[in-house]
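Asker: With the hints as your guide, set chain D onto chain A.
These protein sequences, in sequence, are chains A and D. Using the working numbering, you'd call the opening residue of the first sequence number 302 and step up by one each time. Using the working numbering, you'd call the opening residue of the second sequence number 302 and step up by one each time.
Hints may be right or wrong, so weigh each one.
Chain copies aren't distinguished; within one or between two, either way the pair holds.
What the hints assert, rightly or not - Result set (DSS-like, lysine-lysine): computed pairs, CA atoms no more than 30 Å apart in a straight line:
{"id": "1", "residue 1": "K552", "residue 2": "K564"}
{"id": "2", "residue 1": "K567", "residue 2": "K552"}
{"id": "3", "residue 1": "K449", "residue 2": "K552"}
{"id": "4", "residue 1": "K394", "residue 2": "K552"}
{"id": "5", "residue 1": "K393", "residue 2": "K433"}
{"id": "6", "residue 1": "K515", "residue 2": "K564"}
Derived from the structure by calculation, the hints contain no laboratory data.
There are 2 protein chains.
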Amino acid sequence: MEQLKGSFENVSYQLTLECAGNGREEFMPSVRGSQRITGAVGCPMWTGVRLRDVLMASGVRQSAVYIGYYGSDTHLSGDPSRESISRGVPIKKALKEDSLLAFSMNGTDLPFLHGYPLRLILGGWPGSTSGKWLKRIFVRNDVHNGHKMNGYSYKVPCEGVPPGSDVAEKDMCIIEEMPVKSLVTFPRSGVICTLDRDLEVRGHAWAGDSSISKMHISTDFGQTWIRAKLDSPVNINVWQHWSSSISFPQKGYYEIWARATDKSSKTQSMVLPGWNPRGYLNNACHRIVVSVV
Amino acid sequence: MEQLKGSFENVSYQLTLECAGNGREEFMPSVRGSQRITGAVGCPMWTGVRLRDVLMASGVRQSAVYIGYYGSDTHLSGDPSRESISRGVPIKKALKEDSLLAFSMNGTDLPFLHGYPLRLILGGWPGSTSGKWLKRIFVRNDVHNGHKMNGYSYKVPCEGVPPGSDVAEKDMCIIEEMPVKSLVTFPRSGVICTLDRDLEVRGHAWAGDSSISKMHISTDFGQTWIRAKLDSPVNINVWQHWSSSISFPQKGYYEIWARATDKSSKTQSMVLPGWNPRGYLNNACHRIVVSVV
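Next comes chain A alone, as it looks inside the complex (with noise of 0.2 Å):
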């Protein structure tokens, strides 16, 4: 560890990770798997060393396709004769800037939970691609087959089906960058606010490999939408915080619904946007409930 930090440069970023099954619960037919509503999502500032300095100094030939990571932990049944989780990314993906071998997070050494003394880090993908008390890693010329990379393990189908359909795994294709998303983190959800005064409103809002170009709120359930304030995202894969400051026209029972829409002109659906057997990718827009008296 030593040596690695002091071998390459080390870095800092702000960097998302997000679960690949945040929403779940919202799926009709119901899928298995943690039914989550507002979702595991953070962006803590990673301190580390990049992945491809790393893998530079290593040695990468013309013919590396994946990464494919191993940790020190066993499986989550503890038993040892299982697998426990080897997930991986496109070599695209492991060569880029932000893509780091973090061994610490908010200005500390990791916490255990989160992959002490080491961990990959992989900014704006599934979380189960930033593998956790990390051991090794390989530079494979074909995509990598640990375990939850094969089956239905964060897949989704290649193409759309109707809810509830059993799909092939022949036609089920990986989860990569994760879709446009935004949450409301403040006021929490059931506020009670008075008409005289204005409601401060704000949240964070991320785009996988992108960033977010603008932000909307809408009060009446998304019949108008007004532009919220949105800052600068500080380095790329990083969520931005915004704000918006609102008047309500008359008391009553409101719903606050946060709309992100990013550098590529895709928006958040107000409705889970497509089925899928395991229930990932629901970035329907959040709400909350306010009301005002």
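Answerer: Using the frame of chain A, we list chain D on its own:
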């Protein structure tokens, strides 16, 4: 009737009548009443005389606030001791250029089910205001109080309420013009088409007393929208035809979502735009399913 035809200018307008309870099946919690999917709406050519010509000839005082109609129908139960529906509109709507006493639909006498021999036509307002089998119209100095004007009929909460709320009668407001809405009328939902040919899609869009300024469709659950071709309105309070030619990027399951925007920039939501106790005014986007093979 012949006297009416002979004494006043005979005029024809294509006018939209729509049931205020369309889309009630999408309410959560569910509400009682007909559970319609795509809804009861039509826009035939009505011929008659202007209500305002008749009212003016009869004399309308400055104190006039509302009109109320009475028809020759019995209560739906057939019980002659029960009042039949008797609704109305503010005098301002009654005096509009295209508010009609109609005796003809699409060039022939009104069919009996459509109110033969004479009915009110108040385009863009809830169909229940366009009284059939018309016997009498009262000009009133207060809001009309006939059957289905009181209680919870054709009313929504004056202020937004949480889904499932009990709302006091005094907090309910009468529905006036209907909100912006559109339908996909061709092809039928469930159609199968081939990747090598563009799909022609068409429908109608309307917006109470206003008109439609823009029409969009989405084939990716609202993540991107494309502008559809929109015809100009042939008169006020009429639906407008729209059409689009869709080129699908690959095979698979798609939903085509249609979204109209009215002259005031109010647009259709992708979700129910506000729960209310009787299930009115669901103008959420219509969608159809398409399989591309």
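Asker: If the cutoff is 30 Å on CA atoms, where do K552 and K564 land: within, between, both or neither? Let me know, please.
Answerer: For K552 and K564, only the inter-copy Cα distance (26 Å) is at most 30 Å; the intra-copy one is 36 Å.
Asker: Is the C-alpha distance from K567 to K552 at most 30 Å within one copy, between copies, in both cases, or in neither?
Answerer: between (34 Å within a copy, 20 Å between copies)
Asker: Can you tell me if K393 and K433 fall within 30 Å by alpha carbon in one copy, between copies, both or neither?
Answerer: Answer is within; shortest intra-copy Cα gap is 20 Å, inter-copy 70 Å.
Asker: Reference check for the pair K449 and K552, CA-CA at most 30 Å: within, between, both, or neither?
Answerer: between (50 Å within a copy, 27 Å between copies)
Asker: If the cut is 30 Å between Cα atoms, do K515 and K564 qualify within a copy, between copies, both or neither?
Answerer: both (8 Å within a copy, 24 Å between copies)
Asker: Given a CA cutoff of 30 Å, do K394 and K552 count as a within-copy pair, a between-copy pair, both, or neither?
Answerer: between (49 Å within a copy, 28 Å between copies)
Checked against the numbered hints above, the structure violates none of them.
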